[in-house]
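Chemist: Sequence:
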Amino acid sequence: MSYLYLTILFPLIGFVLLAAGRNKLPESVAAIIGVGAVGLSALFALIAGMDFTANGSVAQVQHLWTWFNVGSFAPGISLHLDGLSLLMLGMVTGVGFLIHIFASWYMRGEEDFARFFSYFNLFVASMLLLVLGDNLALLFLGWEGVGLCSYLLIGYYYENPKNGLAAIKAFTVTRVGDVFLLIAMFLIFQQFGTLNTQYIVENAATVMTQSSSLTIWTALMLFLGAAGKSAQIPLQTWLADAMAGPTPVSALIHAATMVTAGVYLCCRLFTVFELAPEVMMFISITGAVTLLVAGFAALVQTDIKRILAYSTMSQLGYMFMAVGAEAYQAGLFHMLTHAFFKALLFLSSGAVILAYHHEQNIFKMGGLFYKNKFLFACFAIGGGALAAIPFITVGFFSKDAILGAVWVQGQSVAVYNSLYWVGVAGAFLTSIYTFRLIWVVFFGKENTPYHEIKGVTYWGPLAILAVLSTFVGAALKAPVESILNSAKVPAFNIPEALEHGMHTAEYIAVGIALAGLALGVVLFAFAYNAVKSFAKTSLGAGLANICRNALGFDALYDLIFVKPYLFFAKLFGRDPIDGLWLVLPALVKGGHSFTSSRQTGSLREYASSMGLGVVVLLMILLVIQVVGK
838 MSYLYLTILF
848 PLIGFVLLAA
858 GRNKLPESVA
868 AIIGVGAVGL
878 SALFALIAGM
888 DFTANGSVAQ
898 VQHLWTWFNV
908 GSFAPGISLH
918 LDGLSLLMLG
928 MVTGVGFLIH
938 IFASWYMRGE
948 EDFARFFSYF
958 NLFVASMLLL
968 VLGDNLALLF
978 LGWEGVGLCS
988 YLLIGYYYEN
998 PKNGLAAIKA
1008 FTVTRVGDVF
1018 LLIAMFLIFQ
1028 QFGTLNTQYI
1038 VENAATVMTQ
1048 SSSLTIWTAL
1058 MLFLGAAGKS
1068 AQIPLQTWLA
1078 DAMAGPTPVS
1088 ALIHAATMVT
1098 AGVYLCCRLF
1108 TVFELAPEVM
1118 MFISITGAVT
1128 LLVAGFAALV
1138 QTDIKRILAY
1148 STMSQLGYMF
1158 MAVGAEAYQA
1168 GLFHMLTHAF
1178 FKALLFLSSG
1188 AVILAYHHEQ
1198 NIFKMGGLFY
1208 KNKFLFACFA
1218 IGGGALAAIP
1228 FITVGFFSKD
1238 AILGAVWVQG
1248 QSVAVYNSLY
1258 WVGVAGAFLT
1268 SIYTFRLIWV
1278 VFFGKENTPY
1288 HEIKGVTYWG
1298 PLAILAVLST
1308 FVGAALKAPV
1318 ESILNSAKVP
1328 AFNIPEALEH
1338 GMHTAEYIAV
1348 GIALAGLALG
1358 VVLFAFAYNA
1368 VKSFAKTSLG
1378 AGLANICRNA
1388 LGFDALYDLI
1398 FVKPYLFFAK
1408 LFGRDPIDGL
1418 WLVLPALVKG
1428 GHSFTSSRQT
1438 GSLREYASSM
1448 GLGVVVLLMI
1458 LLVIQVVGK
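Take 838 as the starting number for the sequence shown in our numbering and just add one per residue.
Please note that the accuracy of each hint is not assured.
[Unchecked claim] Just the calculated beta-carbon pair ranges, DEER-fashion: (1) Gly858 / Trp904: 25 to 35 Å; (2) Glu864 / Gly1001: 23 to 33 Å; (3) Lys1373 / Ala1042: 53 to 63 Å; (4) Phe905 / Lys1201: 48 to 58 Å; (5) Ser1048 / Ile1331: 22 to 32 Å; (6) Val1452 / Ala1423: 26 to 36 Å.
[Claimed, not checked] Subject to a maximum C-alpha distance of 16 Å in a straight line, what follows is the list of computed EDC-like cross-link-like pairs (lysine to aspartate or glutamate): (7) Lys1006 / Asp1395; (8) Lys1210 / Glu1318; (9) Lys1282 / Glu1196.
It is worth saying that the hints were derived from the structure and are not from the lab. Since the model is a prediction, treat every value here as computed from it, not as a measurement. For every residue, glycine included, the Cβ atom is placed at its ideal position computed from N, Cα and C.
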């Protein structure tokens, strides 16, 4: 436990060294520093985990110093290790380390190699601060850190203006969520007088009133903050555009760091949410709608990374469905398994992109099965886990547990029964677009020459993630449940009378997912010409356009928010208020010009002006005299 702070310190040191060295460091040195820093972090995370379990899995706090002291508010730089933060610690450092190794291969020859790894190290350090901080102020510091790093990494290829715009979009949209989180923190401090997370969790039931307006607003603000980081409707539009960054960045954001922060926050403060059942239901509904929208969007994408991005959004929707249904452990386990297979898919897609000379359009690839069977195996395993192929992939053991829990909740609250079927429909769509992706890339017509790729730093991380994405990864379920129980994260309670029905619901979900896979085989392996013919019809083209643009949320936000903002920015950019004050000097200047023009030096004009003035004065006196009578 005394070494816990080193898990954050090593990536921070790596960031400082790499940022200071920048272009002066050789690639090999930068790679050793960048990868080594996260490797050491993972090592000390393992040591901390072993100490934690050896000491009976009792939560511990490591106080380093007091951050600041304002009246009664004195948040500390203190690290809290319990089962939940240990789970996150292992996921961030373990999967993050593998992504760093792969990145050292993928980014070779890129300009500003050291700059890339400096941002990468800072990203990991920020995420670790987020999950280990024992108070919401420290969590928020890490929260903003991952937001900053996402901006820097998404816009890494900044010379292309589109990449810069994508980075700005991600930064702006997630900042909206951050504002909601700040409001929630103010509301929590008002009620509890502290931001210490453990105190909040343990005393929420006594401090807060169930379903009161203040409780509902607090829980809602917390969730909207989480929705921004985890790309849930209505703050989901940044995630697909975040693919502008290098592929290892996409893997780190989607698998190990940023998008999991929202799920972690909701599970960390679960007692607050349970006092607002209306918000819990809203969380599940939001997750269900998000996974359905993302599923339809993924069906028609042509960019390999955007397909995977929408699949991430969809899987996060399942996690939030679990949180809203009080199946926290199922949601957290799916978050862990998702980290394995989504890191595998993104890193594999990066290898595919390099093999096809940085081509990302799946229809310009093709025939890869005959050139690189290792990559096919990685994609098949990762795609199978994404589609939750039963028994042989880790996704089956986590996703179906969520759907079963939602079904159980649906037996007492009708809306959850509808959400179960939405989740099943999402699984059906997932199977279709996953098969489409794999079939087109690996068995489609080869349209771009293949370039041989090799290196242990390429295939090593993929091999490890591939093993973890099979049923082997499911062996972690029992240890995960054990450490979450030690953190008092509630296990989902399944009434004995509903156990049989729950298993039936899970089998139905598996059957429909397999039916989606079968439909994908028919559509893309045997009847693809019919699919292309339908896509050329007005109906098919219209549906494809709607799905390609993810139901038009970007266009809607552009109309409602962006264009009005630009209009007022242009209007007030001229500063009309300041312009009003310029009227007075303009009048004085005009009067000065007029009177100056009267100074002609002509006696005739002066005499005429005096006579005219006398006449005007006499008329005024006459009017006054008449009015006075």
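Chemist: Under the constraints set out in the numbered hints, which ones does this structure not fulfil?
Modeler: 8
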